[in-house]
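Required output: the full structure, derived from the provided sequences and hints.
Spelled out, the chains give:
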Amino acid sequence: MPHAEPWLERAPLLLRDAVNALLPAPARWWVDSFLDIAVLLGVFGLLFAFLTLAERKVLGRIQNRPGPNRAGWGGVLQPFADGIKMLTKEDIVPRLADPILHFAAPVALVAFSLMSFAVIPYGRHLLALDMDSGVLYFFAAGASSELAVFMAGWSGRNKYSLLAAMRALAQLISYELPLLLSFVPVVMISGSLSPSAIVTAQGGWHLGFIPRWNVLTPWGFAGFAIFMVASLAESNRSPFDLPEAESELIAGHLTEYSGFKYALFFMAEYFGMCALGGMAVTLFLGGWQAPCAFLGFIPSYAWFGAKLLALLLGFIWIRATLPRLRIDQLTRFAWKFLVPLALVNLVTVGFWHLSASWSRGFDPLRWAIAIALVVIPFVAMGRRLSAGLGPRTYRFAAQ
Amino acid sequence: MIEASTDALLPSPGSRVRPVRDPFHGDLLEVSMGPHHPSTHGVFRMVATLDGETIVRLKPVFGYLHRNHEKLGESTTYLASMPYTDRLDYLCSMTNNWAYALAVERLIGQPVPERAEYVRVILAELTRLLNHTCLAGFLLQDCGASGTPLMYAFREREKILDLFESLSGSRMMCNYQRFGGCRVDPGAHWLAAASRVTEGYGRFLDEFEALLTGNEIMMARTQGVGPLSAKLAVAAGVTGPMLRAAGVAYDIRKVDGYGIYPRFNFRVPLGEHGDTYDRYMLRILEMRESIPILRQALAEIPAGPIMDPKARLRGLRPKAGESYGRIEGPKGEIGFYLVSDGTPNPYRYRVRPPSLINLTILEDLCLGRTIADAVIILGSVDIVLGEVDR
Amino acid sequence: MSTLQACLLLSSLLFSIGLAVAIARSSAILVLMGIELMLNAASMNFIAFWRFGPNPEAATGVLFALFAIAVAAAEAAVGLALVIALYRHQRTIRLQEATRLKG
Amino acid sequence: MLGTGLIKGLMVTAKNLAGSFHDPERLVTTEYPEQRTVLPQNYRNFPFLVTENAEDPMGTLRCVACQICEKECPPQCIYIEKSKDKKADAAGKMQIYPAVFDIDISVCMSCQICVEVCPFDAIKMDQVFEIATADRFTGLLLDRGQLSKPNSYFHQIHPTDAAEVDGRLAAERKAAAEKAKAAAAAAAAKAAASTASAPSPVKAPPPVSAPPPATAVPAIPPPVSPPPPPSPPPQP
Amino acid sequence: MNAVLAAIALLILASAGIALTLRNIVRSVILLVVTWFGIAAFYLWAGAEFVAFAQVLVYGGAVSMVVLFAVLLVRHGKAGVAETPAPSGRIVSALLAGGAIAGALAGAVALTPLAPAAGPAPFAPVRHIGVLLLNTHAASLLAAGAILTVALLGGVVLAAGGGPEKEDGP
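Top line first, the protein sequences correspond to chains A, B, C, D and E.
First residue of the first sequence? That's 0 in numbering that gives the first Met the number 0, and the numbers climb one at a time after it.
First residue of the second sequence? That's 0 in numbering that gives the first Met the number 0, and the numbers climb one at a time after it.
First residue of the third sequence? That's 0 in numbering that gives the first Met the number 0, and the numbers climb one at a time after it.
First residue of the fourth sequence? That's 0 in numbering that gives the first Met the number 0, and the numbers climb one at a time after it.
First residue of the fifth sequence? That's 0 in numbering that gives the first Met the number 0, and the numbers climb one at a time after it.
Treat the hints with caution; some may be incorrect.
[Said to hold, decoys possible] Under the rule of at most 27 Å between Cα atoms (straight-line distance), these lysine-lysine pairs were calculated in the DSSO-like manner:
1. Lys-85/D - Lys-178/D
2. Lys-178/D - Lys-189/D
3. Lys-178/D - Lys-92/D
4. Lys-70/D - Lys-92/D
5. Lys-158/B - Lys-56/A
6. Lys-189/D - Lys-173/D
7. Lys-70/D - Lys-70/B
8. Lys-158/B - Lys-7/D
9. Lys-92/D - Lys-148/D
10. Lys-70/D - Lys-148/D
11. Lys-253/B - Lys-230/B
12. Lys-81/D - Lys-148/D
13. Lys-7/D - Lys-56/A
14. Lys-56/A - Lys-14/D
15. Lys-148/D - Lys-85/D
16. Lys-309/B - Lys-70/D
17. Lys-81/D - Lys-70/D
18. Lys-92/D - Lys-180/D
19. Lys-148/D - Lys-83/D
20. Lys-86/D - Lys-180/D
21. Lys-318/B - Lys-70/D
22. Lys-173/D - Lys-85/D
23. Lys-81/D - Lys-92/D
24. Lys-14/D - Lys-158/B
25. Lys-86/D - Lys-178/D
26. Lys-173/D - Lys-309/B
27. Lys-56/A - Lys-88/A
28. Lys-335/A - Lys-7/D
29. Lys-70/D - Lys-86/D
30. Lys-56/A - Lys-84/A
[Said to hold, decoys possible] These stretches of chain D come out as covered by chain B in the derived footprint (C-beta under 8 Å, 3 or more residues):
31. 29 to 43
32. 109 to 119
Derived from the structure by calculation, the hints contain no laboratory data.
No residue lacks a Cβ here, since even glycine has one placed at the ideal position from N, Cα and C.
Written as structure tokens, this is what we have:
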């Protein structure tokens, strides 16, 4: 509906044009870029603040307690109270620490996780940087962030931090591969590495009401599942929060951090989560596309936001439920399960692509084969992975 | 790495980072877990020597909570030790009370009225529910489950603590049993409330098991981790669910038949592998077995006095002699050994703490496992530092 | 000096630094890093020539740089595996001391 | 299949998330300073001394400084000094009273043993718990004045116990009074007999008059509710 | 444009030069990672977007991790993070060799008459690169894939061969 766009949809464009009209031509590029950065920082900064609150609230509700509710109405001011507390706390640098790396780690982490926001299309007209190889840029920025985790773990000169650094490295090496492999099918189908092109390719509806999102195909669903699992691991969220495994390593790489540096780590974790969630929405959930045609009047960025929030809620939900894996199980899960599954998924998507021209009559067969290509390896490898584990029956002593 | 760099770069004699030289494993990392560590269940300390993340040596260090419990028991009267037994294993004060009362009753030959026996069984089984629920919550917390199972466990525990509070006046430091009975009579109201809690507990257990027992991560974390052989368990004197998880049928409720336990019909579950999962499941199964005991006791409890009318509260001067009173506490055999020399104070007062004795095999279970396993193995041993250190 | 010359100067300096690292450092890991730097300097040259060369549509420079990166990654993986194997056998990664080829 | 256990667990947490909004069983938090739980009658925390008369808290302590509680207290947190003189207690009998009665609340573990061993029902368990203080030493060392609370307060926090204690005390006093009366009567009879036998009334003792029991226990309110009869055991 | 190039050059050369002199291996490695980022910036400046991101992904994301992992794995004993310096003779010879090569190359570059800069930056879209890779350079792609596979296998065999600990994975 490009000809009849509601003004809400065009609101950001109108705003930018209004600002541009006031400025001389040479300054426009700079001002535009600055505006983009400021808006991204503002929106995601606020999202971060309220996400911490939402996480604590949801976690609390799941655990049958109300969560923070004292600061402000229902606790809405809690993030700001936390921020003030963090800012006013003493910043402790251990005497034996490597001061340069100790300082650089949180800064680098936040910088890298902020960089990845640049290429996500938040709406039809909301994209900071339309890059030809935007997806690659996104993962390049994300991959670098683990370096900062290593720096944090190593610089503290704390044994727990050191173990956490080792774990972070092992985890990154293991999960980078499935993460990259899981989005290759999307690239294969849409034929582009540009996020906006990928979103556009998911427009339209099957049979008039089923959205053509990637997640609603067999390979797309498998890719989405692998992507979500790997992004849980990439953003160090439970059940893959091994680097900061509280029950073993106290706080892992954060053990020697306090005050605002600690808050920066926290911020980077949430930024990373938001960025990966946003990328998952872009790649698999149709980006800013509305799920139904008649809902098109709602601006596209609202749809993006809703999908992103749903994914983030899922992250929180998983965190509230699942226990943590052990490091060897974590790497085994990546290498023996996710990577083969992602490779098989490439075959599936190849089949899907080649069979795209099958006539209507064979469509169910195409679906059946694709689903079988996804499900059978999943079941088989899942069985091998969990061999020897399972519920047990117990005997009772003779009376 | 740290040790090497401190040697070279930072000549700090105050540094507590010490390299461990071991000709067979290269240079190892020695990590002092505790006494202040999120998962050592109090002020317990494990000095773990790590090769990578694998434990090659583990030295449990305890005594940070030593309070001279036994010596205090010898310098006060028999009655005055009763509130101190609450503080041994502060999750199971009712069973501690019972074991101590049993020891003293045996020493002075004091009978206990029927109603009090029933009340004791009810309280002991409630304590078992409480303790095992807490253990399951803590164990899953150690596995990294963000506190959710722990909060559910505490939600249920609260109901039992409320029962204890309305009966004895205190939630954890009950100080309820007396020599020859119990202090307060539970009225019909209390028994009805206990009945409600009992009936609701099965539902809670179902939900709790749905939450994590069938969970693949939980099974991967616990199955095959820290197996305890029956031989080692018997040799080390391990008792309680840990021993039964190793497959040894030994339950003092059946063996001694103290109190009125022979009247109850219950089964003793046994494990097969003796690993952490078995230890966890044994506790769940024992809770399920406790519910019928409670039901039967609540249904059959007779009217009558709660204290033996001839029982004396103070001024006890038992004849010279000795006695040992033991019961099947939630953590294992909790026993009190008393020697009297005819004075108002015991000549010898000795506790057999199940936590401490079960803890002695910690290193055997942890060797060759990772540091993450050590945490959950410790969690599955079920210790309370108040009892370990006394 | 044209921009291309500046680029080439930069890459040759980087190459020299890489060489110096490879020769001067005693840790096997850093020697490997030096070699990686030299490889990178070569890739920079490809890109520079592609950028300022006469025939950018063919994108040969870009493709060559891509292949160089892939091969460098392989080299790093094998090299570091070698370092670890060396450390296993001889308990050192100082090249002066790792003089035996026999494990 | 791999993942079914995970999904089952996720369902449980989802149920709890939803339940926490409508099911009071699933949102058990009491928001403390605003909401307060009802303390059970048996709840105990720190002892206090019972006085018979709210208007004269110090004058009518039941405590006679027998020091049994001091001896039996497991952590030895009670310190008592007997008075040199005697004062009339609530029943009018001349008694020794505690010149000093201190309890170190920072040591006390609220075990209730002092209450159980007290033969005079003079010390009872309180229900206060908001006694935190910044003053570590004197703030937690309660003296006789701070410890004494009227019997009506005891009735307020432990109505059942208080009623039972009052009933028993009244009975004891009545018995004591009757005994005293009987003794007085006997003495009078004896005196009469001796007067009869020895008719020299010069050395006759003054008539002993027992104090009337009605005035002896003026502060005792009527029992709030009778103690519940022992419940019949639920039969299967 | 040249100011940007100068900044990039400064970043690359400074980080590499300092990394050359530091004794602490971890710091050296992290500075070298910075150098790699600088090189990626250079690619970006030159318009080779895809190569730049590949550089960051491969070097910043993968190689640096493997290197740091190796540093941590071999951290004990004399091979700790504080490297014992090489004999001074080697340092001198290294500097001489590096300086000589740098001089020779710089001279060559300066003296060679090179074509002046072409017009605007060429653009290599991903699709174009992909088509080229799979048509003209398909053989090279296959060869690179084979090399990578063999290297991966070799790496696993080498690293896992000696003892119970493994570099990563199963």
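Status of each hint after checking the structure:
1. Lys-85/D - Lys-178/D: 22 Å, holds
2. Lys-178/D - Lys-189/D: Holds - the C-alpha atoms of Lys-189/D and Lys-178/D are around 16 Å apart, at most 27 Å.
3. Lys-178/D - Lys-92/D: 14 Å, holds
4. Lys-70/D - Lys-92/D: Holds. Lys-70/D to Lys-92/D sits at ~25 Å (cutoff 27 Å).
5. Lys-158/B - Lys-56/A: 24 Å, holds
6. Lys-189/D - Lys-173/D: 23 Å, holds
7. Lys-70/D - Lys-70/B: The given pair, whose Cα atoms are some 18 Å apart, holds under the 27 Å limit.
8. Lys-158/B - Lys-7/D: Holds, at roughly 26 Å.
9. Lys-92/D - Lys-148/D: It holds: about 21 Å lies between the C-alpha atoms, which stays within 27 Å.
10. Lys-70/D - Lys-148/D: 23 Å, holds
11. Lys-253/B - Lys-230/B: 21 Å, holds
12. Lys-81/D - Lys-148/D: 20 Å, holds
13. Lys-7/D - Lys-56/A: Given that 27 Å is the threshold and the Cα spacing comes to 22 Å, the pair holds.
14. Lys-56/A - Lys-14/D: 15 Å, holds
15. Lys-148/D - Lys-85/D: Measuring from Cα to Cα gives roughly 21 Å; hence the hint holds.
16. Lys-309/B - Lys-70/D: This hinted pair holds, its Cα atoms lying about 23 Å apart.
17. Lys-81/D - Lys-70/D: 14 Å, holds
18. Lys-92/D - Lys-180/D: Roughly 14 Å between the alpha carbons, so the hint for Lys-92/D and Lys-180/D holds.
19. Lys-148/D - Lys-83/D: 23 Å, holds
20. Lys-86/D - Lys-180/D: 22 Å, holds
21. Lys-318/B - Lys-70/D: 22 Å, holds
22. Lys-173/D - Lys-85/D: With Cα atoms ~22 Å apart, Lys-173/D and Lys-85/D stay inside 27 Å; holds.
23. Lys-81/D - Lys-92/D: Holds. Lys-81/D to Lys-92/D sits at ~17 Å (cutoff 27 Å).
24. Lys-14/D - Lys-158/B: 21 Å, holds
25. Lys-86/D - Lys-178/D: 22 Å, holds
26. Lys-173/D - Lys-309/B: 26 Å, holds
27. Lys-56/A - Lys-88/A: Roughly 24 Å separates the two Cα atoms, so the pair holds.
28. Lys-335/A - Lys-7/D: Holds, because 24 Å separates the two Cα atoms, which is no more than 27 Å.
29. Lys-70/D - Lys-86/D: 23 Å, holds
30. Lys-56/A - Lys-84/A: Within the cut-off at roughly 19 Å; holds.
31. 29 to 43: holds (count 5)
32. 109 to 119: holds (count 6)
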